[in-house]
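Using the sequences plus the hints, can you model the full thing?
So you can see what is in the structure, the chains are spelled out below.
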Amino acid sequence: MRKTIQMISVLTIVGLVSGAVLVFTYKYANPLILDNQKSEMEEAIFKIFPKADTYDKDIIEDNVVFRVKEKSGKLLGYAFLAQGNGYQGVIKMMAGIEPDLETLVGIEILESQETPGLGQEITEEEFKAQFKGLTTSPEITYVKNKSPERPNEIQAVTGATVSSSAVVSILNEKIKAIKEKLKEQ
Amino acid sequence: MKEENFYISPGPHIFSKESTPKMMKDVIIALVPVIFASIWFFRTKAIILLLVSIASCVAFEAGLQFLMKRKITISDYSAVVTGILFAMVMPPSLPIWACILGCFVAVGLAKQLFGGLGMNIFNPALLGRAFLAAAFPVFMTRWNHPISLDAVTGATPLGLVKFGHSLDINYWDLFIGNVSGSLGETSALALLIGGLYLLIKKTIDWRIPSAYIGTVLGISFVANLISPDVYSGGLFHILAGGLLIGTIFMATDPVTSPVTKTGRWIFGIGCAVITMVIRLWGGLPEGVMYAILLMNALTPLLNRMTRPRRYGT
Amino acid sequence: MDSLKCASCGKELCKGLWRENPIFFQVLGMCPTLAVTTKALFGFSMGMATTFVLISSSLVISCIRKLIPPQVRIATFTVIIATFVTCADYFLKANFYTISKELGPYVPLIVVNCIILGRQEAFVSKHGVAKSLLDALGMGIGFSAVLVLLGSIRELFGFGTIFYYKILGEGFENWVIMALPAGAFITLGFLVGLFNWINIRLRQRRNSA
Chain A
1 MRKTIQMISV
11 LTIVGLVSGA
21 VLVFTYKYAN
31 PLILDNQKSE
41 MEEAIFKIFP
51 KADTYDKDII
61 EDNVVFRVKE
71 KSGKLLGYAF
81 LAQGNGYQGV
91 IKMMAGIEPD
101 LETLVGIEIL
111 ESQETPGLGQ
121 EITEEEFKAQ
131 FKGLTTSPEI
141 TYVKNKSPER
151 PNEIQAVTGA
161 TVSSSAVVSI
171 LNEKIKAIKE
181 KLKEQ
Chain B
1 MKEENFYISP
11 GPHIFSKEST
21 PKMMKDVIIA
31 LVPVIFASIW
41 FFRTKAIILL
51 LVSIASCVAF
61 EAGLQFLMKR
71 KITISDYSAV
81 VTGILFAMVM
91 PPSLPIWACI
101 LGCFVAVGLA
111 KQLFGGLGMN
121 IFNPALLGRA
131 FLAAAFPVFM
141 TRWNHPISLD
151 AVTGATPLGL
161 VKFGHSLDIN
171 YWDLFIGNVS
181 GSLGETSALA
191 LLIGGLYLLI
201 KKTIDWRIPS
211 AYIGTVLGIS
221 FVANLISPDV
231 YSGGLFHILA
241 GGLLIGTIFM
251 ATDPVTSPVT
261 KTGRWIFGIG
271 CAVITMVIRL
281 WGGLPEGVMY
291 AILLMNALTP
301 LLNRMTRPRR
311 YGT
Chain C
1 MDSLKCASCG
11 KELCKGLWRE
21 NPIFFQVLGM
31 CPTLAVTTKA
41 LFGFSMGMAT
51 TFVLISSSLV
61 ISCIRKLIPP
71 QVRIATFTVI
81 IATFVTCADY
91 FLKANFYTIS
101 KELGPYVPLI
111 VVNCIILGRQ
121 EAFVSKHGVA
131 KSLLDALGMG
141 IGFSAVLVLL
151 GSIRELFGFG
161 TIFYYKILGE
171 GFENWVIMAL
181 PAGAFITLGF
191 LVGLFNWINI
201 RLRQRRNSA
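Chains as they are written, first to last, in our numbering: chain A, 1 to 185; chain B, 1 to 313; chain C, 1 to 209.
Bear in mind the hints are in silico, worked out from the structure with no lab data behind them. Check each hint, because a few of them may be wrong.
Unchecked claim - Not close to chain B: a few residues of chain A, all C-beta gaps over 10 Å, as computed:
1) L11
2) Q83
3) L101
4) V168
To be verified - Partial chain B-side listing against chain A, Cβ under 8 Å, derived:
5) P137
6) V138
7) G283
As the list claims (entries may be wrong) - Computed list of lysine to aspartate or glutamate pairs in EDC-like fashion (alpha-carbon distance at most 20 Å, straight line):
8) C:K101 x A:D35
9) C:K101 x A:E180
10) A:K132 x A:E149
11) C:K166 x A:E124
12) B:K25 x B:D76
13) C:K93 x A:E43
14) A:K128 x A:E98
15) A:K51 x A:E125
16) C:K166 x A:E149
17) C:K93 x A:E40
18) A:K144 x B:D150
19) A:K38 x A:E121
20) C:K101 x A:E149
21) A:K47 x A:E98
22) A:K92 x C:E170
23) B:K45 x B:D150
24) A:K92 x A:E121
25) A:K179 x A:E98
For each residue, glycine too, the CB sits at the ideal point set by N, CA and C.
Here it is in structure tokens:
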């Protein structure tokens, strides 16, 4: 009986102390973590819209949309988060689109676990730059091993078709959803 | 008392000193038409890669055996065979240094580190290729047109069918080898001549190629029957890519394939299933290399599983 | 006080570095070893996080070891280890956000790293505070050193850099395989082989001397 009580009390005390320690750590770390996440997103938005000054976050049925504005208050375009499955894991990106919802301003990859040196090339400037000024209707497509000819085409990373096509299809899906939702408004 | 040495090793236990060089010579003879075809279609690129590959395989074998204080066995020609086979599964535009590195992996990592000829689990040439495919995917998917040697990327017949979605196949070019691909894999004609020679000389067992080719035919026939506009027919899958060179020269490697008859059937069927799964549904156009390597890994298990039983047990 | 008559203290510290190295000799903690060593910096961060957890949980457990009933010792150890792991995870996320994103789930997975629970069970629960701390420090440094070594080799061949410092010139073509799990297995295989080879050599020399 004494043993049982000792077992229970030791476990309880250890658990309580651990819980307290965790609460303090969380209180200390959580604001910093949220800050980090926010500044990561801000960085991406300002990289896509270099002239941007402020933005409003807007959530329309699971779609996070940022209305990005110039200093004068003029709408520069919309930035939105898009994510989906890549070759090895989730690809998460921020994309910017002009106010008419027809031309992409650019994309930034926030998270990706593609093959280093191959699929991971999607995070390189060379690949991302292709999305600047890309028209979104008809849907974005990709070509392989040749230069894109139409205004809605990008060139896939050599040897990483899966990663490139994942980026394209994630974007297409989100653009379609955003267009519908924003036009409804 | 006289001291005797007892060696304990897994089977096969019958070693014959004469048979290795003789067998290797047979394989080299069988590879002659393949070599000619590769030189005809890929010209100087084939010659350079072939010479570099043979020289570095032999050099690495001798060098490593010297360093490990083993008996130097380059006179059994097995390093030469590895060198030729390695070159034959390389894309024509591979840089020389990458070829040498691949040979080091083939002979050093796949063969000598496991204990030399007869001890290796994986086919050395294929493991070298797998290493290069993982290390330099861009080089390993860069192909040349035959004869003109114009660079084309990712456009082997299998790649075209899979990613270009064109089922427009010239079977005659595919048969004689006038298509882009690895040096020695394109010419089905040359490979079949070599294979026939090996079968007649009984250097290779007929079961693995039969099981391999038969199963591939069966699977591609069914796939083609279900959706003929997506999947090409069985003949295409036999002639295109590395299937013939794989099934004739690599899947039949006596060291890395099962010794029992049932084991060989299972081995061939397993190779074919994995190949077709990769070709039809995988992310890569070609799956022969990974199929054979995976089945190599299962070989000890297949040997054990299909071990003939003694009567009465 | 065992810290005063600590003749074997140097030994407790040093054994983790080479003779009983957690990776080379005990072959423990393979999951982070193989997964996060794509670059030297990630190996280093992982090593530091693990060392922190190892030292702090050794400290706490060696202090209260006599109070813990043997029947629930594993559960108690796990709770304590998990607490420190979570702290380490939060700390990385708060202060080294990009590194923690690269390390991904492998920081929380330190909980199941066998080195930590293994040391608590095999060493800390039988020894005093000072020895336990030295043991944890030695093991932590040994683990971190191997992770940094592995990360450096893989980063060198996979990206041409070490700690992001360009070492191999423009003509070098990155070996993608070194950044993949296969590269980790190959490099670790070579390193363990080298470790054993050196040990055999040392033993032979000692025997002949």
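Can you confirm whether the C-alpha distance between A:K179 and A:E98 stays at or below 20 Å?
holds (11 Å)
Is the straight-line distance between the alpha-carbon of A:K47 and that of A:E98 20 Å or less?
holds (14 Å)
Evaluation of the interface hint that places B:P137 against chain A, nearest CB under 8 Å
holds (5 Å)
Just to be careful, I want the Cα atoms of B:K45 and B:D150 compared with a cutoff of 20 Å; is the pair within it?
It holds: about 12 Å lies between the C-alpha atoms, which stays within 20 Å.
A:Q83 non-interfacial with respect to chain B [C-beta, more than 10 Å]:
A:Q83 is indeed farther than 10 Å from all Cβ atoms of chain B, at 20 Å.
Would the hint linking C:K93 and A:E43 be met if the CA-CA limit is 20 Å?
holds (18 Å)
Restraint check for A:K92 with C:E170, where alpha carbons must lie at most 20 Å apart
violated (31 Å)
Can the restraint linking A:K128 and A:E98 be considered satisfied, given a maximum Cα separation of 20 Å?
Within the cut-off at roughly 17 Å; holds.
Over 10 Å to the closest beta carbon of chain B is the bar; see if A:L11 clears it.
holds (45 Å)
Satisfaction of hint between A:E121 and A:K38, Cα-Cα up to 20 Å:
Violated, because 25 Å separates the two Cα atoms, which is more than 20 Å.
Sort out whether A:E149 lies within 20 Å of C:K166, counting only the CA atoms.
Since the Cα atoms of C:K166 and A:E149 sit roughly 37 Å apart, the hinted pair is violated (cutoff 20 Å).
Given B:V138 as an interface hint, is its Cβ closer than 8 Å to any Cβ of chain A?
B:V138 check passes; min Cβ-Cβ to chain A is 5 Å, inside 8 Å.
When held up to the earlier numbered hints, the structure conflicts with 9, 16, 19, 20 and 22 and fits the remainder.
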